[in-house]
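Asks: If you want the building blocks of each chain, they are given just below.
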Amino acid sequence: MKRVYVNEDWCLGCHLCEYHCSFANSGKSDMVKAFNGNTKTTPRIVIEEGDDINFAVQCRHCDEPLCVKGCIAGALTVTDGVITIDDTRCVGCYTCVLSCPFGCIVTDNEKVIKKCDLCISRTGEPACVKGCPNAAIVFEERG
Amino acid sequence: MNYLIIGNSTAAIGAVEGIRRLDTTSSITILSDETYHTYSRPLISYWLEGKVSDEKIFYRPQDFYSANKCNVLLGKKAVKIDRSEGEVILEDGSAVAYDKLLIATGSRPFVPLMEGLDTVSNKFTFMKYDDAKAVKAVLKPDSKVLIIGAGLIGLKAAEGVYKMTKDITVVDLADRILPSILDNEGSNIVQKHLETKGVRFILSDKAAKFTDGTAILESGTALDFDILIIAIGVRPNTELASECGLEVNKGIIVDSTCKTSDASIYAAGDCTESFDVSTGTEKILALLPNAYMQGEVAGLAMAGGTKTYEKAIPMNAIGFFGLHMITAGSYDGDATSIQTEGNYKKLVLKDGLVKGYIMIGDVARAGIYTSIIKEQIPVPDLDSELLASKPQMMLFSKSRRLQNLGGVNVGN
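Chains as they are written, first to last, in the numbering used here: chain A, 294 to 436; chain B, -2 to 409.
Bear in mind the hints are in silico, worked out from the structure with no lab data behind them.
Check before you lean on any hint, since a few could be wrong.
[What the hints assert, rightly or not] In silico DSSO-like links for lysine-lysine, alpha-carbon gap of 30 Å or less: (1) Lys333(A) with Lys408(A); (2) Lys387(B) with Lys347(B); (3) Lys160(B) with Lys407(A); (4) Lys247(B) with Lys125(B); (5) Lys194(B) with Lys404(A); (6) Lys408(A) with Lys326(A); (7) Lys74(B) with Lys125(B); (8) Lys404(A) with Lys53(B); (9) Lys387(B) with Lys333(A); (10) Lys404(A) with Lys130(B); (11) Lys256(B) with Lys304(B); (12) Lys404(A) with Lys141(B); (13) Lys295(A) with Lys304(B); (14) Lys408(A) with Lys395(B); (15) Lys404(A) with Lys163(B); (16) Lys247(B) with Lys203(B); (17) Lys347(B) with Lys280(B); (18) Lys333(A) with Lys194(B); (19) Lys333(A) with Lys48(B); (20) Lys160(B) with Lys206(B); (21) Lys423(A) with Lys395(B); (22) Lys141(B) with Lys203(B); (23) Lys321(A) with Lys48(B); (24) Lys48(B) with Lys407(A); (25) Lys194(B) with Lys48(B); (26) Lys295(A) with Lys395(B); (27) Lys407(A) with Lys189(B).
Take the sequences, apply the hints, and build the full model.
Replies: Take a look at the structure:
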């Protein structure tokens, strides 16, 4: 299955992936409208910044996903390897935040959690990959 | 192969999903003394509150049993396991045969003997869907609700009734709330938060005597109530196992594949003991994720698999009135605490390992700490300067990070 991977050596820590992710999940067709302050934008990808190293982290879509196994509401499910959240079932208990070993479940004080769905509802590459200026984030099949 | 599961909650569902990963054809029979499609017990407070609908309280979709080819016998109580015949006897006298049996009988509320309790008409425990329905049936605007027990269940019950009534009093024998998951500082923060919402607490006290509508506490305080909810604790349902001669301590004793002392019988969930890697001791971990993991490995093992579950720890994610907290592991060790406006964090180290943590308010990425405890990653292998600041992948060495972020197997 194709997943998103980051190359630490190439990641500039520019945060553009966060903006592209937020925009892709904003439901807006125009980037200006998405970021004009009237829409809640929450990236499902997190940039970690160090002294000389930066990298982006988002859902690994684990084969043995602890978030799915621990979900108290049956809201997290796996379809063709992609882990998605059912907003109508999530109660915001954050057991998935407790469980995810990569820290990839995002919360923003709204009722439901948010996470990367590999942009499955859209076509082509995930928005973070498409928008990375240095090709540090790739979407590929690995063993 | 003929699989039989006693129970229809989290561990049972984990077992069905485990079995069906390896065996898509054999018969699976589920016995439940309740009459509902599998539902999530921790959602009953959300249901009572009105946040979760009748349809969404169910733990799996309505077609779960048919999709997984399960024969479900609802409203059937198992009363005996006959190991020599390989069958389970039901209350109506009928027998259901098994080749592999899973005991997933869960736990039940503990209600101690209290004087006059039998005279109270509106008294409830709070674990089952029927409990929540019974409370809802009598709950009126401004009902006086008295909750005995300031643990997870008692406080979730308080949140559950809060939309209807703000007149809530919680009594606990302990001198602080949520003593099973929080330290003193954490308990104080959460108590204050609940008090700002109007919940009243009476701590270091207990109900000595009841009449219908009044509780007299040991201190002499008299409390009037319309509804009494008893949430003192839970006890494992181990009787079926012990009566048929299986090894039982506080909970049913199982190995790392959830097999009991009988090779044909497995047990999973609140009725069993788990090995807590944060303390190195066997204990009952009555937690939903633990029940699922145990159920799943039990199901896999019943179907011939070899996967084990060896990384259990106590862990909880819960919130009350918008204040979230995540806790895990053991607090015995050297603690680093950071308290800022609205947030509290405590990280506990011992023997060169991270053993436990408490995060209240800002709980972002807590699971990274959870994994460090479960995987027992030595503190010297972590970035010691970053460790207490916040959970992040930057804590790990580059090689471990590349392995983790490049790989996809996580396990259990």
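Asks: Could you run down the list of hints and mark each one as holding or not?
Replies: Against the structure, the hints:
The suggested pairing of Lys333(A) with Lys408(A) holds, with an alpha-carbon distance near 15 Å, which does not exceed 30 Å. For a cut-off of 30 Å, the pair hint linking Lys387(B) to Lys347(B) stands: about 19 Å separates their Cα positions. Distance restraint check for Lys160(B) and Lys407(A): the Cα-Cα separation of roughly 26 Å lies within the 30 Å cut-off, and the hinted pair is therefore satisfied. For the proposed pair Lys247(B) and Lys125(B), the alpha carbon gap of about 22 Å is at most 30 Å, so the pair holds.
For a cut-off of 30 Å, the pair hint linking Lys194(B) to Lys404(A) stands: about 19 Å separates their Cα positions. Using a Cα cut-off of 30 Å, the hinted pair Lys408(A) and Lys326(A) holds, with the two alpha carbons roughly 22 Å apart. Restraint check for Lys74(B) and Lys125(B): the C-alpha separation of about 16 Å stays at or below 30 Å, so the hint holds. With a C-alpha separation of about 15 Å, the suggested pair Lys404(A) and Lys53(B) falls inside the 30 Å cut-off, and the hint holds.
For the given pair, Lys387(B) sits about 24 Å from Lys333(A) by alpha-carbon distance, which is consistent with the 30 Å threshold. The suggested pairing of Lys404(A) with Lys130(B) holds, with an alpha-carbon distance near 24 Å, which does not exceed 30 Å. Between Lys256(B) and Lys304(B), the direct Cα distance comes to roughly 12 Å. Compliance with the 30 Å bound is thereby established for this hinted pair. Only pairs whose Cα atoms come within 30 Å are accepted, and Lys404(A) paired with Lys141(B) is accepted, the gap being roughly 28 Å.
Between the alpha carbons of Lys295(A) and Lys304(B) the distance comes to roughly 26 Å, so the proposed pair stays at or under 30 Å and holds. Taken as a hint, the Lys408(A) and Lys395(B) pair is honoured in the structure, with Cα atoms around 24 Å apart against an allowance of 30 Å. Taking the CA atoms of Lys404(A) and Lys163(B), the gap is near 22 Å; set against the 30 Å cutoff, the hint holds. Of the pairs offered as hints, the one joining Lys247(B) and Lys203(B) holds, with about 25 Å between alpha carbons and a cut-off of 30 Å not exceeded.
Among the hinted pairs, Lys347(B) with Lys280(B) is consistent with the structure: their alpha-carbon atoms are about 20 Å apart, no more than 30 Å. Between Lys333(A) and Lys194(B) the alpha-carbon distance is near 27 Å, which keeps this suggested pair within the 30 Å criterion. For a cut-off of 30 Å, the pair hint linking Lys333(A) to Lys48(B) stands: about 22 Å separates their Cα positions. Restraint check for Lys160(B) and Lys206(B): the C-alpha separation of about 29 Å stays at or below 30 Å, so the hint holds.
At roughly 25 Å between alpha-carbon atoms, Lys423(A) and Lys395(B) fall within 30 Å of each other, so this suggested pair holds. Annotation: proposed proximity of Lys141(B) to Lys203(B) holds, straight-line Cα distance about 18 Å (limit 30 Å). Between Lys321(A) and Lys48(B), the direct Cα distance comes to roughly 28 Å. Compliance with the 30 Å bound is thereby established for this hinted pair. Taking the CA atoms of Lys48(B) and Lys407(A), the gap is about 18 Å. The hint holds against a cut of 30 Å.
In summary, the hint linking Lys194(B) to Lys48(B) is supported, as the alpha carbons are separated by about 18 Å, within the 30 Å threshold. About 23 Å separates the Cα atoms of Lys295(A) and Lys395(B), which keeps this hinted pair within 30 Å; it holds. For the hint linking Lys407(A) to Lys189(B), the alpha-carbon distance of about 29 Å falls within 30 Å, and the restraint holds.
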